[in-house]
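Student: Read off the chains here:
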Amino acid sequence: MYFRETGQFKSKYKEELAAFPIFEDKIGIAIAALLAFVLIPIFGLPGLSWDFTMSAVMIPVVIFTITTLGLNILLGFAGQISLGTAAFMGVGAYSCYKIMTIFPDLNALICVVLSGVVTAFVGTIFGLPSLRIKGFYLMVATLAAQFFLEWAFIRIPWLYNYNISGAIEVPYKEMFGIVLTGAKSEPLTRYFVCLGFLVVLTWLASNVIRGRIGRSWMMIRDMDIAAELIGVRPLTAKLSAFAFSSFYIGISGALMVFFWLGAAEVESFDINHSFTYLFMVIIGGLGSITGCYFGAILVWVVPVILKEYGKSVFGIDAFVMENFTTILLGVVMVVILIVEPHGLARIWQIAKQKLRLWPFPY
Amino acid sequence: MDLLIGIFITPFAEMIGLPDLFFQALWDGFVSGTLYGLIALGFVLIFKASGVFNFAQPILVVLAALALISFYKMGVPAWISVVLVLIMFYALAWLIERLILRKLVNTDGNILFMSTVALSFIIIGAAQWIFGGRPSSMIHKELGIPTGSFEWPMFGGGVYFDLLDISAAVVAVILIVCLGLFFSRTKIGRGLRAVADDHQAALSVGISLNQIWVIVWFVAGVVALVTGIFWGARSDVSFALQIIGFKALPVLIIGGFTSVPGAIVGGLMIGIGEKIFEIYWGPLLGSGVEGWFAYFIALGFLLFKPQGLFGDKIIERV
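Heads up: the sequence lines are chains D and A, in that order. In terms of our numbering, the first sequence has 136 at position 136, counting the first letter as 1, and numbering is strictly consecutive. In terms of our numbering, the second sequence has 651 at position 289, counting the first letter as 1, and numbering is strictly consecutive.
Don't take every hint at face value.
Claimed, not checked - Here are the simulated PhoX-like cross-link-like pairs (lysine-lysine), alpha carbons at most 20 angstroms apart as the crow flies:
hint: 1; chain 1: D; residue 1: K10; chain 2: D; residue 2: K26
hint: 2; chain 1: D; residue 1: K134; chain 2: A; residue 2: K667
hint: 3; chain 1: D; residue 1: K134; chain 2: A; residue 2: K410
hint: 4; chain 1: D; residue 1: K14; chain 2: D; residue 2: K26
hint: 5; chain 1: D; residue 1: K12; chain 2: D; residue 2: K26
hint: 6; chain 1: D; residue 1: K26; chain 2: D; residue 2: K352
Don't read these hints as lab results, they were simulated from the structure.
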């Protein structure tokens with residue numbers, strides 16, 4: 001009843017095409033922004049300590065939303081399935097580390113963006129098989145990327161600067177006198193850096209997708225042969241999708257290590273993580289930017305909060321909760337696939353549609 | 363120059379110089395190849411009969427092995443635990459069909475694939491909950507599978523044959539022959555092939571899709587059990603076996619998604635190829651290349667034969 005566009009007239013074509021044409025949508029976005037930027041950083045989430053909220057819930061969920069955006073661009077918009085997401089995040093993390101060591105004076109944020117560029121390059125190379133194969137065959141090709149890169153992270157000591165531990169050690173970096181990375185940085189700073197990246201990247205993605213490149217991706221997804229016949233070049237479309245998606249994934253990988261974990265070994269980039277990101281995309285909704293947010297929140301936040309509550313409120317063993325959340329994730333996934341294969345984003349859309357007409361059924 | 367010699371000359375010189383080692387590597391590769399082939403066979407069976415790319419097959423292998431061990435530990439005699447595991451898999455197949463597949467009839471292949479990924483999460487969670495996460499050892503001795511090894515003198519050295527490996531290969535061959543006969547000679551087998559061709563057409567001539575799916579998943583479970591026993595006997599049974607299961611994917615690429623002999627030939631090629639590569643070229647790259655070499659063989663195949671050696675040709679129309 002409150003969600004209705006009655007009386008909101010559009011007099012220009014541009015207004016029709018705006019990202020949020022309905023006034024109520026703008027209010028919703030404002031509330032979400034208020035929550036993310038002000039309320040949660042000040043008060044935290046109810047029932048959880050502030051430190052836990054920041055370091056185990058909010059920072060990772062923001063980072064994983066960026067990952068999900070990247071994977072969704074590839075899978076949801078360009079229709080190219082990839083199981084190498086975690087490894088590409090690793091490429092982002094390790095290249096960020098290398099860039100920071102080679103250019104010690106470079107700003108940390110620029111390093112993160114550059115590592116995204118490196119990952120885009122690597123992603124394009126591993127995207128080459130997509131020109132000849134697709135579907136499950138392509139999936140196996142991306143598995144090659146996953147296992148090869150994982151091997152490289154262990155066996156090429158140059159990547160981790162010949163550390164004895166074999167892990168990335170995050171150096172101390174600051175900007176305008178504020179500590180950005182390293183052990184001394186505040187969770188709040190790191191959170192706002194990640195959130196800043198997320199906002200900029202979401203804005204970028206939504207505009208690229210509405211533009212010419214995004215449309216060519218969707219044509220390739222819907223039917224590549226037909227798209228080719230009407231003049232979309234599969235080479236540029238597919239490879240640009242891989243590059244663009246890897247750029248996002250690389251940035252999220254760099255953020256994950258430098259602004260969240262603080263140190264990372266190859267286990268942070270193994271295949272099970274790739275599956276988790278795939279789940280985020282599917283549960284959120286293929287081909288939807290809002291869906292990326294829903295997916296990351298549901299797949300990451302719900303299990304973390306459940307585990308925490310299970311431990312502190314009900315005193316359940318962590319091992320049991322771990323398995324319980326794994327099962328829950330699988331069950332939620334199956335239910336979503338059965339009920340609405342387009343994920344939470346589609347459910348959200350249907351709910352909005354219903355709200356517009358409420359109390360009438362149609 | 364050193365690198366070129368290392369790539370093109372030294373490995374071959376070693377092969378000729380020490381033929382017994384070479385044969386040992388071949389045999390080891392052959393054995394792991396049959397086991398890769400067995401896992402791939404589980405994938406192929408389900409793909410052939412229902413068009414589902416079953417990502418849960420590797421975790422079914424782990425589940426079978428773990429269930430077998432824990433039945434035995436509860437005091438059930440070894441062979442009766444095998445029967446119990448089979449019953450359990452029949453129930454599981456029925457549940458999967460009833461709760462998941464039946465609701466997803468006529469949906470896109472991708473969605474079915476995702477549902478099996480979700481299924482594997484459910485099984486992982488449940489199996490860890492019930493059986494615990496610790497690795498345990500297989501009960502192959504109690505099942506009467508021979509162990510020990512003998513040496514066969516050859517070229518001044520000798521090649522070791524593990525009795526376990528030989529029995530694995532023999533069982534694999536028996537299983538494949540049985541499955542081949544089952545698919546081509548029995549009524550159910552013909553039904554399976556009909557379902558794979560076209561769901562609707564199969565339904566219209568009176569084949570029960572639901573029943574077929576239960577049977578297929580059960581047969582895949584049987585294959586998983588056999589694979590689990592032999593893989594488990596070679597290394598400990600743990601959730602790490604699942605990663606080995608992913609090796610079946612390049613096997614599928616080489617053999618084709620729909621071919622039973624393809625799964626075996628592909629398995630052997632991957633098994634032997636990666637063993638030889640690991641031993642002779644691995645040291646150049648730092649060891650551990652076994653993890654990804656199989657995928658690169660598969661990539662090479664994809665470039666020249668995208669449908670695999672024995673797969674059906676993919677024809678696309680607008």
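Student: All hints are to be evaluated individually against the structure, with a verdict given for each.
Tutor: Tested hints:
Under the criterion of a C-alpha separation no larger than 20 angstroms, the hint pairing D/K10 with D/K26 is consistent with the structure, at around 15 angstroms. The suggested pairing of D/K134 with A/K667 holds, with an alpha-carbon distance near 13 angstroms, which does not exceed 20 angstroms. Among the hinted pairs, D/K134 with A/K410 is consistent with the structure: their alpha-carbon atoms are about 19 angstroms apart, no more than 20 angstroms. For the proposed pair D/K14 and D/K26, the alpha carbon gap of about 16 angstroms is at most 20 angstroms, so the pair holds.
Taking the CA atoms of D/K12 and D/K26, the gap is about 18 angstroms. The hint holds against a cut of 20 angstroms. The hinted pair formed by D/K26 and D/K352 meets the criterion: a straight-line CA distance of about 14 angstroms does not exceed 20 angstroms.
In the structure shown, no violation is registered for any of the earlier numbered hints.
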